[in-house]
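2 protein chains.
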Amino acid sequence: MPAPPEFLDWVDKNANTFIRRLKTAVEIPSVSGDASRRKDVVRMANFLNEELKAVGVTTQLIPLGTQEIEGETLDLPPAIVGRIGNDKNKKTILVYGHFDVQPAFKSDGWDTEPFELVHDEATGRLIGRGASDDKGPVLGWVNVLQWHRENGKELPVNLRCCFEGMEESGSEGLDELVLRESKPGGWFDGVDAVCISDNYWLNTRTPALTYGLRGLSYYKVTVSGPGRDLHSGVFGRTVYEPMTDLISIMSRLVDNRGNILIPGVEDQVSIADDDEKKIYAGLDYSIQDVEEAAGGKIALSSDKVEVLMGRMRHPSLSLHGIEGAFSGVGAKTVIPGKVSGKFSIRLVPPQTPESVDPLVVKYIEEQFKTLDTKSTLEIECLHGGKPWVADHNHWNFEAAKRATWSVYKKLPDLTREGGSIPVTLTFAESLGVNVLLLPMGRGDDGAHSTNEKLDKSNYLEGTKLLGTYLYEVAT
Amino acid sequence: MPAPPEFLDWVDKNANTFIRRLKTAVEIPSVSGDASRRKDVVRMANFLNEELKAVGVTTQLIPLGTQEIEGETLDLPPAIVGRIGNDKNKKTILVYGHFDVQPAFKSDGWDTEPFELVHDEATGRLIGRGASDDKGPVLGWVNVLQWHRENGKELPVNLRCCFEGMEESGSEGLDELVLRESKPGGWFDGVDAVCISDNYWLNTRTPALTYGLRGLSYYKVTVSGPGRDLHSGVFGRTVYEPMTDLISIMSRLVDNRGNILIPGVEDQVSIADDDEKKIYAGLDYSIQDVEEAAGGKIALSSDKVEVLMGRMRHPSLSLHGIEGAFSGVGAKTVIPGKVSGKFSIRLVPPQTPESVDPLVVKYIEEQFKTLDTKSTLEIECLHGGKPWVADHNHWNFEAAKRATWSVYKKLPDLTREGGSIPVTLTFAESLGVNVLLLPMGRGDDGAHSTNEKLDKSNYLEGTKLLGTYLYEVAT
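One line per chain: the protein sequences are P and Y, in this order.
Here the UniProt record's numbering is used: the first sequence runs in plain steps of one and ends on residue 475.
Here the UniProt record's numbering is used: the second sequence runs in plain steps of one and ends on residue 475.
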């Protein structure tokens, strides 16, 4: 059924309320990957929990145990589970989001302070870390519920929610929670479908529904030798330098066309036939879109289908950086004593971390052996998640298509995504139900990057979309 | 002539005074390579200037102009010139040192706060950034002068001094000063010889005099493409990634045996004959020394002569790190938008930055072309200095040999050094006189590294050595 017109009007009139809500959230630097920010992640959990309770959600903060970071034992931030309604005549929908964010420093190249929400009136952008990934979408649900609460309206579905604070750091602890709460009597018992709003349109024009995600395996390759950093004048050409060996290994992982050089990794994936290529040819997408979003004329190909397949149905390997080497400005003449190269592989079906990790470890060990060095090697798989593909003709997707048409007067692009939300697969497998990804933001939002933003129009129309989806999926 | 015995006694009795002096100096984080620390470099200049004036030196703080750092114009820290005496019957000796230091953070792996001087009574070590490089030696001269001042003793030579605050950042501005002050009427007019205490013994046992230094060319290779950092899920395998190209270039510069792969660079240097090899064979040095100092069993060879020649008479290339890539702990899934690889080459005669830089630029440009990438390349030569070799039979060296025998009852190793002190050559060429390097610290002091230290005994005996040298060189 369509959403009540009064709800849609109300969203337009309450933009400032929603922006203030997002502003408060962005100001909490809930960086899950930085141990020193853990208290902020917990603060963010508490803030969101209060917001949810205020709009009528029965909630519980669930402790997820501890993790080891650099030899330190740290409490994981709690997850928030919640519910509204238990009507056997209604469908039960579980919504998921996360309230932690990627690291951000102004010195990374931000034009504004990353942990302040800047509303650029000229462009209509709401700029700040987490605006689009994923605080905006999470608060979109809160906005929807606020209207129902304030106007005494019952929801058209039974709602369950699950918000976590470790998504940007491998969703540690969440799998166990989802498995446990999916069982009879658990918070997620009886869920009919899942809706996750934590990704992006393909471009800046056309709404999208997403039915596939790449998985991820993240690696840390550490090369060491000296007991400490050394002076390059005193030690240069007298000792094996870990950086030389690490750079050599990192240069053997991927070529600059994106081809993964680790034997067996590419072979696990099928070759696209003409029918599959037609799907990609039909999407509202151009090379210009990718280059505008990337901010440079750097697409790997001028063939749209090839570029889209590179993102959606091929694995990719990116070199992220080196921990322990000189990374500051200026000219430091150091031989770093211990360096850790970081890279990750985005996985596609049928790849899994379990099928790819051994190939990576074996290859690096073999390559390292060819170096015949006195340095030592350690390879760690920091975290991983399987890829996922869903049925995009399911009633859950059909409802989202109708909701998109209703709000945007456009049919959504049906996409697979290059990114990874490992918990998607956990929900699909634990609950045995369809999972829909219903993005709020645009392809140029800059999640994980500098100057992350959410367009104000996407925040407002996105709030309408989430609300309308609940009505469309109800019937 | 020998130094007065009362001076030597006085040094032993005033250890605590000297250590307090060094403690005050180490507590000023005078990091010349960090723009935000510039005020501390200036503070250190003022501290040292006051110390010099208090022991009777007529000084002047000389402004050196400005520098550009990351688009910001910054005043260079002043240099300190000074003089005691103008007796035509005495030799005039110029001493040089520097009061700036390398960057240091506890998180680099220091066991103690780098900018606090820790006196480890068990090992006799004075631990802190700059303790050995070069605040200890500079204050050694102050200690010597303090005795003469307090006891109304005239120096056996006319003393000139030159202390700078940019040595760790290419000695910017100093060449012009030295050239200017070497002319008639300048502060350094009439100097007969130069003594620099800014390097280390070869080992931990035998004092050394150094008659050669490697030069340095420092390079920054920047690869860019995207307008900003990108999400590796969204953009992985759709765009050319700057890190892939940069790592590929960095892997082609040097092999892990230390061989420089840039055509022409090694060819500039002569091959050692048997006579030259005998010099290295005679030095008090073992593979165990280098491995103890490096803190690992990582020597490039088990042949002492080969390892010593690698340090003293061959060029070396070290990869220092990457600016702009992910360098933190944890797992950030970023495609860095712009990355700058840093490396440097230590040069030996007859190499100069002018002869090597074009080979490096040409090679990297050629290699980059083979990558056939849409990324763009920029190569900068950040700073450079020529190598230097002096006559170690000159009376300046003979005086230092007698002083070493007198203090340590050992003949010094005559060494060439792997490091670079570009101003050495400027003094030699501007003044046309012999330059002696008279080190105070040991080979395991960890200059430029974590846990930098100066042994208390080296600080005290080194103070005696500097004082005794002034007497021995006088006659």
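No lab work stands behind these hints: they were computed from the structure.
Please note that a few of the clues may not be correct.
Note that the list lumps identical chains together, so a pair holds whenever it fits in one copy or between two copies.
As a list, the in silico EDC-like pairs of lysine to aspartate or glutamate whose alpha-carbon atoms are at most 20 Å apart [stated by the list, open to error]: (1) Lys374 with Glu292; (2) Lys153 with Glu380; (3) Lys220 with Asp275; (4) Lys13 with Glu366; (5) Lys220 with Glu323; (6) Lys278 with Asp357; (7) Lys106 with Asp34; (8) Lys106 with Glu380.
Using 20 Å as the alpha carbon limit, work out where Lys106 and Asp34 are close: within a copy, between copies, both or neither. both (16 Å within a copy, 17 Å between copies)
Within, between, both or neither, where Lys106 and Glu380 count as close if Cα-Cα is 20 Å or less: Intra 30 Å, inter 25 Å, cutoff 20 Å: neither.
Have a look at Lys220 and Glu323 and pick one of within, between, both or neither, based on CA distance no larger than 20 Å. both (9 Å within a copy, 18 Å between copies)
Up to 20 Å between alpha-carbons, please classify Lys374 paired with Glu292: within, between, both or neither. between (46 Å within a copy, 15 Å between copies)
How do Lys153 and Glu380 come out at 20 Å by Cα distance, when the copy is not named: within, between, both, or neither? neither (51 Å within a copy, 65 Å between copies)
State whether the alpha carbon distance between Lys220 and Asp275 is at most 20 Å within one copy, between copies, both, or neither. Neither: 38 Å inside a chain and 48 Å across chains, both beyond 20 Å.
Quick one: Lys278 to Asp357, C-alpha cut-off 20 Å, is that within a copy, between copies, both, or neither? Neither: 32 Å inside a copy, 52 Å across copies.
At 20 Å max between alpha carbons, let me know whether Lys13 reaches Glu366 within a copy, between copies, both or neither. neither (63 Å within a copy, 60 Å between copies)
Violated hints for the displayed structure, listed by number in ascending order: 2, 3, 4, 6 and 8.
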